[in-house]
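Enquirer: Based on the hints, put chain B in the right spot on chain A.
Protein chains in written order, with the numbering used here: chain A, 1 to 712; chain B, 1 to 241.
Since the hints were derived computationally from the structure, they do not count as laboratory data. A couple of the hints might just be wrong.
[What the hints assert, rightly or not] List of simulated lysine to any residue pairs, SDA-like, C-alpha gap at most 20 Å: (1) Lys194(A) x Lys197(B); (2) Lys194(A) x Gly160(A); (3) Lys128(B) x Glu3(A); (4) Lys60(B) x Ala97(B).
These numbers were taken from a predicted model, which means no experiment stands behind them.
Chain by chain, the residues run as shown.
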Amino acid sequence: MGERKVIKTTCKSCHGGCGVLATVEDGKIIHIEGNPEAPTLGTMCSKGLSSIQHVNHPDRLLYPLKRTGEKGEGKWKRISWDEALDTIEQKMKESIAKHGPSSIAVSQGTGRGYNEYTHRFARSIGTANIITPGYICHSPRLGLYGLVTGYGRLYCDYHGWGGEFPKTQISWAKQLEISSADGEMAVWFLNSLKHVKNLIVVDPRETALSSRATLWLQIRPGTDAALALAMINVIINDGLIDKEFVEKWTYGFDKLAERVKEYTPERAAKITWLKAEDIVKAARMFAIDTPGCIQIGSSLERQANCGQTIRSIICLLGVTGNIERPGSMISWVPPDTGQREDFFTEIPITDEMRRGIVGSEQYKMGAARTAHSDTVIKQLLNGNSVIKVWFSVGGQQILHLANTKEVMQALKNVEFLVHADQFMGPMAEIADIVLPAAHWLEIDDIFDMHPRFMIEAHNRVVDPPGEAWQDSKIFNEVGKRVAPEYWFENVEKMLDYQLKKGNMTWKDFSKKVVHARMGKDQIYYKYKTDYWRKGGGFPTPTGKMELYSTVLENLGYDPLPYFQEPGESPLSTPELAKEYPLVLTTGYRQPFYFLSQYRNIPWLRSFQKDPVMQIHPDTASEFGIEDGDWAWIESPRGKIKQKARLFPGILPGVVMATANCFYPESPGPLHGLLKSNPNVLTDNNHCDPMYGSPDLTALLCKVYKAEDEKEE
Amino acid sequence: MRWGMVVDLSKCVRCYACIAACRIEHFLPMGINWPRLVAMETGGDSPTVSTYSVRCNQCKDAPCVEVCPTGATTRREDGIVTVDQDKCVGCRYCIVACPYQNRTFLSKDKDQGFFPGRVVTDFEKAGKKLYKHQIGTTEKCNFCAERIDAGLAKGLKPGVDREATPACVNTCPARALTFGDLDDPDSEVSRLIREKKGFQLHPEYNTDPSVFFIDGKIGQSDEPKVDDKPEKEPEAIGVGE
Numbered sequence: 001m002g003e004r005k006v007i008k009t010t011c012k013s014c015h016g017g018c019g020v021l022a023t024v025e026d027g028k029i030i031h032i033e034g035n036p037e038a039p040t041l042g043t044m045c046s047k048g049l050s051s052i053q054h055v056n057h058p059d060r061l062l063y064p065l066k067r068t069g070e071k072g073e074g075k076w077k078r079i080s081w082d083e084a085l086d087t088i089e090q091k092m093k094e095s096i097a098k099h100g101p102s103s104i105a106v107s108q109g110t111g112r113g114y115n116e117y118t119h120r121f122a123r124s125i126g127t128a129n130i131i132t133p134g135y136i137c138h139s140p141r142l143g144l145y146g147l148v149t150g151y152g153r154l155y156c157d158y159h160g161w162g163g164e165f166p167k168t169q170i171s172w173a174k175q176l177e178i179s180s181a182d183g184e185m186a187v188w189f190l191n192s193l194k195h196v197k198n199l200i201v202v203d204p205r206e207t208a209l210s211s212r213a214t215l216w217l218q219i220r221p222g223t224d225a226a227l228a229l230a231m232i233n234v235i236i237n238d239g240l241i242d243k244e245f246v247e248k249w250t251y252g253f254d255k256l257a258e259r260v261k262e263y264t265p266e267r268a269a270k271i272t273w274l275k276a277e278d279i280v281k282a283a284r285m286f287a288i289d290t291p292g293c294i295q296i297g298s299s300l301e302r303q304a305n306c307g308q309t310i311r312s313i314i315c316l317l318g319v320t321g322n323i324e325r326p327g328s329m330i331s332w333v334p335p336d337t338g339q340r341e342d343f344f345t346e347i348p349i350t351d352e353m354r355r356g357i358v359g360s361e362q363y364k365m366g367a368a369r370t371a372h373s374d375t376v377i378k379q380l381l382n383g384n385s386v387i388k389v390w391f392s393v394g395g396q397q398i399l400h401l402a403n404t405k406e407v408m409q410a411l412k413n414v415e416f417l418v419h420a421d422q423f424m425g426p427m428a429e430i431a432d433i434v435l436p437a438a439h440w441l442e443i444d445d446i447f448d449m450h451p452r453f454m455i456e457a458h459n460r461v462v463d464p465p466g467e468a469w470q471d472s473k474i475f476n477e478v479g480k481r482v483a484p485e486y487w488f489e490n491v492e493k494m495l496d497y498q499l500k501k502g503n504m505t506w507k508d509f510s511k512k513v514v515h516a517r518m519g520k521d522q523i524y525y526k527y528k529t530d531y532w533r534k535g536g537g538f539p540t541p542t543g544k545m546e547l548y549s550t551v552l553e554n555l556g557y558d559p560l561p562y563f564q565e566p567g568e569s570p571l572s573t574p575e576l577a578k579e580y581p582l583v584l585t586t587g588y589r590q591p592f593y594f595l596s597q598y599r600n601i602p603w604l605r606s607f608q609k610d611p612v613m614q615i616h617p618d619t620a621s622e623f624g625i626e627d628g629d630w631a632w633i634e635s636p637r638g639k640i641k642q643k644a645r646l647f648p649g650i651l652p653g654v655v656m657a658t659a660n661c662f663y664p665e666s667p668g669p670l671h672g673l674l675k676s677n678p679n680v681l682t683d684n685n686h687c688d689p690m691y692g693s694p695d696l697t698a699l700l701c702k703v704y705k706a707e708d709e710k711e712e
Numbered sequence: 001m002r003w004g005m006v007v008d009l010s011k012c013v014r015c016y017a018c019i020a021a022c023r024i025e026h027f028l029p030m031g032i033n034w035p036r037l038v039a040m041e042t043g044g045d046s047p048t049v050s051t052y053s054v055r056c057n058q059c060k061d062a063p064c065v066e067v068c069p070t071g072a073t074t075r076r077e078d079g080i081v082t083v084d085q086d087k088c089v090g091c092r093y094c095i096v097a098c099p100y101q102n103r104t105f106l107s108k109d110k111d112q113g114f115f116p117g118r119v120v121t122d123f124e125k126a127g128k129k130l131y132k133h134q135i136g137t138t139e140k141c142n143f144c145a146e147r148i149d150a151g152l153a154k155g156l157k158p159g160v161d162r163e164a165t166p167a168c169v170n171t172c173p174a175r176a177l178t179f180g181d182l183d184d185p186d187s188e189v190s191r192l193i194r195e196k197k198g199f200q201l202h203p204e205y206n207t208d209p210s211v212f213f214i215d216g217k218i219g220q221s222d223e224p225k226v227d228d229k230p231e232k233e234p235e236a237i238g239v240g241e
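Chain A on its own, in the form it takes in the complex (with noise of 0.2 Å):
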């Protein structure tokens, strides 16, 4: 028996956070569970645990690969990283010369913990043409919690640390009991719910937790904003408003009373497929038993209305006093190590990077900081692109992006594109230059929990396959040859000046493992005090939570939510409804999978081996599905196909399909990226006047049973 040790470590198999025990002999990994130590109190998931799946995965990428043959057809050939950084560094310059910085692109996936690495290095070589799936998850949320609180956090308190704990919670378009979406983990979720006394779930399904909640709201997908400006109007109606906060500390109640006059409980239920009394009784649960919180998922910002939906549901929360009070709606005071965010707002945006903003003067609020990516990918159709190299680091914007047959198309006109990866997927298969890169048990690095009251580390369990990089040390190399007064000798030197405001070093955060203000360190109430304003009060124009946004007239916006129509649904196209009847929604999720990620693992595949749509029994009888069967599901962009569930808890009339899939084991360069990828399906030309989100959970679609493919 050789020697054992086990190492600390945090998981980012999905959001992440997880603290992890690893167990390593002779340098190999032999098993992993959750830290009991860590705040999720030694839980995993079983995407986390299979990650010892990811180590030794046989088709992982070990070299830096070159394109020899045409874009997209397939052919590599390995190369140093000398060759890969000196091309990039040669080619990244060239542009800047040619074009300007801003003719780059730095593009990732979803927010875990490397969005600090894209924004430092993109800002660092002068472009602030970041594409992130940000504007279609969380992006949103963030830009109008920010017009509460400033710098853009607001998280439910499922932790009690104020002394209470929620009272009534609404789960509105999301599985956080499934997801730890965001990291809001399921385990402190779940572990809240055991002092609620009315859980409300919004969802178009039926799920264990809307099973047994007290109210289940089964919506018609993208009609949320509908339901929140009724509930608004209930409240206030009722005479149910919290009016000790609403008259101290709100701005424009009533002009927002005016605003939800028109959202009655009846139209809003003739809009939401809801029941009026429904509506009324989520409201009067909300506004009586207090404290509350509304946990949102990203459904609600892949919809053309996102942005005044989620303003509804922060007006409601603001009638209702459910912020900043200990059981309600939080913006976490982070631990002295400071934001992670500051690693990269210490190179302000200038006004020219602004400028150079592919879609910044139609996308105000999603476009001031990063690109509107449906613009880019236009841009790139039409030939009139600002984007000319195109810097890749995981994601697969080629999948997630809406209308997958034009996004493809686009990145063929890319000049110049680099993606960093684990393995060949459909993003690197459509590359110049693919870099290898490590798991997070590879590497040595900070993560950022997203409620941001903690920060923990990634400890190296075991080396990175064949010369596979951390993310981190990819831009860091790169980083020193295009923009070297920004970058680090090496990862530990970058790591520490990470932490230097916390008086540690990586070496003494590594061993620490978690940093994290919690419990009493807290703060509740930050408007009562000196925090945001002296004196007290918000960190907005007024100094109060506007209701009434001037930050938003002042870019011209619509200072008050309202509800708009899905760009296709029954309503707003009632003669494209003939054709395609049924509304299709594209939010589900499978536990074992983070987006694209892990149908190549062999543990999770083993769950369910192909995407799957969920629809209901009498709506599947009547275009003659059977469950288990291969349906064709179709839009006016195209079709894909997935096999039917048919699933009593859905409504009526509704198909539930699966996002973000490919299939890795097929061959490239497509990797069936077409064959059941809803965004085959969804449409980039109706998007949210803010943030530049597209419909791509609330469609129109047929479907009927694709006769070539047999039950297996």
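Expert: Just chain B now, kept in the frame of chain A:
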């Protein structure tokens, strides 16, 4: 003493963590699962989505013990039904006899490795050394008897102390699984069964399972519940002003 488990249907969110933890704990061959998740989705006016996290029930009157011709399957004094892989001849009578279908025959095709014909991972190599699986024998959940035995030897309490508790119970993010001594009226499992009307699956089989299920609503009740004490999160970890 009789070890037992309670599965709370109102908490299980079908995340599959229990299966993953078991695979790691026992280095399970690719084709084998000791626990399974059985999905239930009912329609009607009040549709319900439930997930039954099932595993060997460690029955008090276990048909598998009765039919085993070699004495490989036995019931220990603490109620755990075990299989001695060295005595099992692979006759599979027990698989037929188990009314819950919680036993699996480990055939060669179920042990092809994570990446057949491509690579044997370090984890699999370690597994061959640390946890023997015998092709041609029958397998099932053993309530992590190894953890229980080692934990008890150290004076730990299964169901309370993590080191002595089954891996699936430890990892469950929903805290839907509870483990303990069914013979101890003060144990958490006994209290949950008593106060939340715990039930066994298919009592008509008359095997007296040691795995119980409970269900219930979330919220609404103002009455204190037995599991009303939330777990205490760690206090500030070294940051303060």
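Enquirer: Against the earlier hints, flag every one the structure doesn't satisfy and list their numbers going up.
Expert: Violated: none.
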